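Asker: Model the full structure from these sequences, guided by the hints.
Sequence positions in the sequence shown follow my numbering and run 197 to 235.
Please note: incorrect hints may appear among the correct ones.
Think about it this way: if two alpha-carbon atoms lie no more than 30 Å apart in a straight line, the pair counts; the simulated DSBU-like pairs of lysine-lysine are [as the list claims (entries may be wrong)]:
| id | residue 1 | residue 2 |
| --- | --- | --- |
| 1 | Lys233 | Lys211 |
| 2 | Lys212 | Lys226 |
| 3 | Lys212 | Lys233 |
| 4 | Lys212 | Lys228 |
| 5 | Lys226 | Lys210 |
| 6 | Lys211 | Lys226 |
| 7 | Lys228 | Lys210 |
| 8 | Lys210 | Lys233 |
| 9 | Lys228 | Lys211 |
None of these hints come from the bench; they were simulated from the model.
Owing to the predicted nature of the structure, the values given are computational and were not obtained by experimental measurement.
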Amino acid sequence: VKRKGLGEEEGKRKKKIGRNDPCPCGSGLKYKHCCGKNI
Numbered sequence: 197v198k199r200k201g202l203g204e205e206e207g208k209r210k211k212k213i214g215r216n217d218p219c220p221c222g223s224g225l226k227y228k229h230c231c232g233k234n235i
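Answerer: Next comes the structure, spelled out in structure tokens:
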């Protein structure tokens, strides 16, 4: 019997972006110097 919910949510969660990680917008800047300024 397969249970719903086991392992399914792991793929749906977004990975938290660290302040020193590259910005996901593709600018090449660190997140804290790009889109992270607004937060």
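Asker: Each hint needs a verdict: does it hold in this structure or not?
Answerer: Comparing the hints with the structure gives:
1. Lys233 <-> Lys211: holds (19 Å)
2. Lys212 <-> Lys226: holds (14 Å)
3. Lys212 <-> Lys233: holds (16 Å)
4. Lys212 <-> Lys228: holds (13 Å)
5. Lys226 <-> Lys210: holds (18 Å)
6. Lys211 <-> Lys226: holds (16 Å)
7. Lys228 <-> Lys210: Given that 30 Å is the threshold and the Cα spacing comes to 18 Å, the pair holds.
8. Lys210 <-> Lys233: holds (20 Å)
9. Lys228 <-> Lys211: holds (16 Å)
The structure shown violates none of the earlier numbered hints.
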